[in-house]
Amino acid sequence: MINRTIAPKTSTVTHIDFQSPEIDTLENKVQVYSMRKTDDETVRIDFVFDAGSLKTSKIVAQLAGELLFSGTENKSSEEIDEEIDRLGGFTGVEVSTEKSTISLIGLREHVVAIAEIVVDAMINVNFNPKEIKQLLQSKKKKMAISLEKVSTQARRAFLSDLFKNSPYGDLAQLEDFNHIEKNDLIEFHHSKYLSGLQYISIVGAVSDQDLNSIKTLGNQFNKDEVTPIENDYSYSPNVIHIEKEQALQTAIRVGRVLFNKQHTDFIKFSVVNTILGGYFGSRLMTSIREDKGYTYGIGSGVAQLLETGYFFISTEVGKEFKDLTLEAIQNEIKILQTEEVSKKELDLVKNYIIGQILEQSDGAQAMMDRFIAVETYGMDYTYYDEFIKQVNEITPIEVMALANQYLKWEDFTIVSAG
Amino acid sequence: MVEFERFELDNGLRVIFHKDTTTPMAVVNTLYDVGARDESPERTGFAHLFEHLMFGGSINIPNFDGPLQEAGGSNNAFTSNDITNYYDVLPVQNLETALWLESDRMLSLAFTEKSLEVQRSVVIEEFKQRYLNQPYGDLWLEFRPLAYKVHPYRWATIGKNIEHIQEATMEEVKDFFHTHYHPGNAILVIAGNLDLEEVKRLVKKWYGDIPARKKKVRNLPQEPKQTEFRTKTIERDVPSDVYTYGFKMAGKGQQGYYEADLISDILGRGKSSRLYKRLKKELELVTEINAYIMGSNDPGMLMLSIHPNDGATLEEIDAEIWAVLEELKSNLIEGTELEKIINKVKTTKAFSEQGVLNKSMALAMNELLGDANLINTETDEYEKVTVEGIRSQANVILQKTNCSQLIIKAKKNDK
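Listed in order, the protein sequences are those of chains E and S.
All residue numbers in the first sequence are consecutive under the working numbering, ending with 418.
All residue numbers in the second sequence are consecutive under the working numbering, ending with 833.
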């Protein structure tokens with residue numbers, strides 16, 4: 001019989017092999033990134049535009065993005081959908097605050113044909129009033145449902161309060177979906193789609209000829225200067241409660257405006273965050289789920305924006321556990337600020353984080369995501385070498401110091417809904 | 419083509435190895451042939467509660483997650499009505515850590531009272547978060563007992579109600595483990611840049627001495643053929659009405675399954691599907707309409723999910739839905755439409771098998787259905803479907819007497 005109480009030996013990941021995409025710059029200065037070393041037939045192409053919701057008022061960006069396949073002078077939306085479907089293609093539209101990403105996926109043999117349909121639709125969309133009306137109806141319904149959720153209520157109140165001096169906190173309201181001016185859509189499309197293409201990323205084993213065809217399509221757009229975001233990131237902490245009588249659970253958001261990966265403390269603070277709430281074995285999970293059973297899940301993270309970022313703790317707990325949970329969160333942060341983390345726990349977290357980077361770099365699509373995640377901030381892969389180095393170097397004293405500097409309870413906005 | 423090797427230990431553990439030279443990670447995926455369908459009607463939600471307890475320490479190792487995280491890995495699990503599946507992903511050089519952990523919890527759990535007490539609370543919070551405190555969250559809790567009268571698919575994996583979870587005892591936990599968690603009831607998939615001989619050696623080392631137990635013969639009450647239209651209306655505090663239709667169909671691998679899957683795509687997958695074009699785009703009766711299949715191992719359901727537009731009535735919508743269904747029953751579809759749907763299936767399949775974890779899970783599921791190699795032949799099965807097959811299966815499934823309908827009405831209030 002083997003002795004099962006003794007763990008097998010493990011070894012730490014010391015090296016991660018980051019592959020760069022091929023980078024081409026089109027005549028219109030749009031970058032094309034491609035990862036062509038893949039071992040299957042799938043291809044994904046992303047067109048990324050300077051067309052996020054911050055670049056216009058309220059819902060214009062969201063609607064403009066979702067209407068891109070709604071028809072041209074020559075084709076109805078039904079015809080476009082039918083053509084893409086016949087080729088086994090799928091499209092996706094994701095409009096965030098800062099950018100919009102139009103994706104298409106398909107098998108290699110069809111992908112150029114799909115891309116041609118997609119680009120024609122995007123360029124020549126004519127914002128048919130019937131399509132606009134149908135989209136408004138369905139968006140409004142979806143939003144009304146989402147607004148019923150305590151998690152949505154807490155997240156919205158949290159963001160509006162954290163970014164009350166900035167468009168990041170100016171969220172769409174239900175009434176906004178009653179009406180939209182077609183001209184606003186046309187103007188936005190003109191400046192942010194026709195002239196707002198930032199880059200194209202391609203993951204899949206496309207041939208040289210196919211790559212050239214995709215480049216030709218990319219050249220049909222222009223790339224204007226990105227509109228800067230006008231912001232004042234000063235904020236003041238607050239405590240907000242939204243009562244929902246029939247709710248069985250209370251959603252909680254606790255956090256503050258912080259920084260993104262351009263800040264010198266970002267990497268080491270990531271370690272602090274992981275210890276606190278960044279993985280399944282974190283202090284918050286251990287205390288609030290695994291010890292006390294107040295919740296199905298709790299976590300923390302640092303959300304990154306182009307010029308700043310914010311730290312948040314997020315959970316949904318039984319209504320009767322709201323105050324106990326907030327106390328327990330406060331207590332866990334206090335321990336982090338006053339007691340040195342043990343070598344055993346810190347080593348575990350270091351190994352875990354580096355293992356995660358390895359996993360998140362596994363495969364061509366993952367590698368493209370890693371590339372975009374640094375390229376967007378004007379950095380390159382040396383950032384990850386630096387990341388691994390700093391994670392390995394951080395000491396218990398530094399963990400405590402960072403927790404004291406950035407996790408002051410009095411700096412937090414605390415939101416509960418339920 | 420996903421290549422793999424298969425071997426079996428003396429204690430009945432089936433092992434599948436997939437060599438993947440492109441990844442620095444390894445996957446250890448363990449599928450146990452037990453799901454919510456194997457529960458007693460008096461103790462529903464148990465398979466899922468049990469999944470939580472599998473992380474509460476095993477006989478020789480007090481904590482499952484810690485050593486795996488220390489090895490740079492992560493893990494998770496899920497329970498369905500059919501199966502319970504656990505997976506670990508970690509740097510390949512630390513594979514043995516996952517085998518050590520997984521084999522010890524296959525050998526025996528620690529069975530601590532504390533773990534049971536806490537996980538009962540956690541699962542009750544999960545019940546609230548996902549099923550009770552969300553708009554339409556209880557849809558499946560209502561729909562299942564409407565469509566199934568006898569088969570255990572009549573309850574959801576989370577369970578019929580919170581009481582069943584509250585009342586679970588340690589004796590029941592031990593009994594469940596003993597019945598369902600043993601080598602002969604598991605399929606182990608290992609994938610990564612490894613050698614077969616090394617994998618065999620390590621699997622024998624860690625799993626070889628786990629005692630064999632007899633596999634329980636599954637003898638579930640089979641759902642009798644539905645012979646009447648069933649409808650139920652409930653009122654909920656939600657912003658708008660939602661209609662759900664379910665039609666009984668074949669289980670995975672059974673005759674008619676692939677036809678039914680394609681019928682759901684023809685009807686309501688994506689913007690060029692028939693229901694979407696007719697009810698949403700042309701008539702503006704709905705804001706959303708989708709069709710999909712449950713994909714269960716025993717006879718399952720083809721589902722329609724409908725969000726009516728303001729002002730549209732149930733009668734109008736229902737009549738139009740049935741007109742679209744009748745069309746599919748009466749007339750053969752064009753070959754080009756079938757080709758379109760199969761092209762989408764191919765794309766979806768190619769993307770869903772990306773990455774070593776997805777491949778591992780698919781291998782395990784297919785092995786449970788009879789042969790891991792189904793992963794490589796499934797597309798052929800779809801390509802064999804004919805336009806006649808679609809019409810004849812539509813006539814079997816899309817009958818009023820084979821349909822259950824749940825109407826969720828928004829409570830009228832003044833807000």
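Hints may be right or wrong, so weigh each one.
[What the hints assert, rightly or not] DMTMM-like cross-link-like pairs, simulated, lysine to aspartate or glutamate; straight-line CA separation at most 20 Å:
(1) E:Lys142 x S:Asp655
(2) S:Lys699 x E:Glu148
(3) S:Lys689 x E:Glu116
(4) S:Lys767 x E:Glu148
(5) E:Lys130 x S:Asp728
(6) E:Lys133 x S:Glu706
(7) E:Lys75 x S:Glu700
(8) S:Lys650 x S:Glu734
(9) E:Lys350 x S:Asp728
(10) E:Lys140 x S:Asp728
(11) E:Lys142 x S:Glu653
(12) S:Lys578 x S:Asp556
(13) E:Lys142 x S:Glu702
(14) S:Lys699 x E:Glu78
(15) E:Lys139 x S:Glu702
(16) E:Lys37 x S:Asp438
(17) E:Lys141 x S:Glu514
(18) E:Lys244 x S:Asp556
(19) S:Lys829 x E:Glu225
(20) E:Lys140 x S:Asp659
(21) S:Lys747 x S:Glu757
(22) S:Lys437 x E:Asp40
(23) E:Lys29 x E:Glu225
(24) E:Lys142 x S:Asp659
(25) E:Lys130 x S:Glu702
(26) E:Lys9 x S:Glu514
(27) E:Lys344 x E:Glu398
Calculated directly from the structure, the hints in this document are not laboratory data.
Checking each numbered hint in turn, tell me which of them this model violates, lowest number first.
2, 4, 9, 17 and 19
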